[in-house]
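Let chain V serve as the given structure and place chain X on it in line with the hints.
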Amino acid sequence: MSVGRGHTDGVNRELREWLRSLAGHESPDDVVPTGRSLSDEGAEYLERIARDGTLAAALTEIGANEPELAG
Amino acid sequence: MILVDEYAALPALVGRPAAPLVGQPLALTYSRAYRLTRALLDPGPARLATRGQFSRLVEALSAADQQVLHERLAHPNPKLLTIVDPRPLIRTAGAIQNTYTLSLLQAETMAAAVTHDWPIRFAEARSASETVRRATFELGVDLATMT
Chain V
1 MSVGRGHTDG
11 VNRELREWLR
21 SLAGHESPDD
31 VVPTGRSLSD
41 EGAEYLERIA
51 RDGTLAAALT
61 EIGANEPELA
71 G
Chain X
1 MILVDEYAAL
11 PALVGRPAAP
21 LVGQPLALTY
31 SRAYRLTRAL
41 LDPGPARLAT
51 RGQFSRLVEA
61 LSAADQQVLH
71 ERLAHPNPKL
81 LTIVDPRPLI
91 RTAGAIQNTY
101 TLSLLQAETM
111 AAAVTHDWPI
121 RFAEARSASE
131 TVRRATFELG
141 VDLATMT
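So the protein sequences, as listed, match chains V and X. So the first sequence is numbered by the working numbering: it starts at 1 and just counts up by one. So the second sequence is numbered by the working numbering: it starts at 1 and just counts up by one.
These are computed hints drawn from the structure, not numbers from a lab. Hints are not guaranteed to be accurate.
[Unchecked claim] Examples of chain X residues toward chain V, derived with CB under 7 Å: (1) Val-68; (2) Ala-74; (3) Ile-83; (4) Val-141.
Nothing here was measured: the structure is a model prediction, and the numbers come from that model. We treat Cβ as the ideally placed atom computed from N, Cα and C, and that holds for glycine.
Looking at chain V on its own, in the form it has when it is part of the complex:
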């Protein structure tokens, strides 16, 4: 018995390929550390949004829509 790929009409290939590109490595052992760091500006921005309520608003929005992710 063969397993087909199902329908292909209406497939959003751009979305599909983007989602596939986001996947991480299956094992941490496969990861090659790049040793790269964020720029000072980038690190300062992320530090700031963690403290000034910007990240809190985003996490609250997620939790409001999905109660299991609230808190």
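Quick look at chain X alone, frame taken from chain V:
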């Protein structure tokens, strides 16, 4: 190991932990790592981008910084932050949710603290709801907020 919320984890991920956490190995539960990653995802090319305003958070970062951030989120430096394996915590988290009115995210944090005997340090007071505080008290978990 110290369990933290996303507000403490994000600065630590980029090498800027809050003063009380400097030099301490930190841990973030899977649910919290998932929620943080989701909040920091770029919009992508398609309709997923329409589901939340939070996708704008990373627009202030350069493409290079976004890449580094996502590498750090997926594979944090274990000297700075560990993402806790959720599998051994499933039964404990389930039992906690059967006992307290907590979300899965909150119950998993509680389960990790109880199971591993790790203290919890939240950087944001809103992470410690009244029910969370009651559960930590009754379960003997060391919880403090750093705000």
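For each hint, the structure was consulted:
1. Hint status for Val-68(X) relative to chain V: holds, with the closest Cβ pair at about 5 Å, below 7 Å.
2. About 4 Å separates the beta-carbon of Ala-74(X) from the nearest beta-carbon of chain V, less than 7 Å, and the hint is met.
3. Because the beta carbon of Ile-83(X) sits about 10 Å from the nearest beta carbon in chain V, more than 7 Å, this interface hint is broken.
4. With its C-beta approaching chain V no nearer than about 15 Å, Val-141(X) sits outside the 7 Å limit, and its interface hint is violated.
The structure does not agree with the numbered hints 3 and 4 stated previously, though it agrees with the rest.
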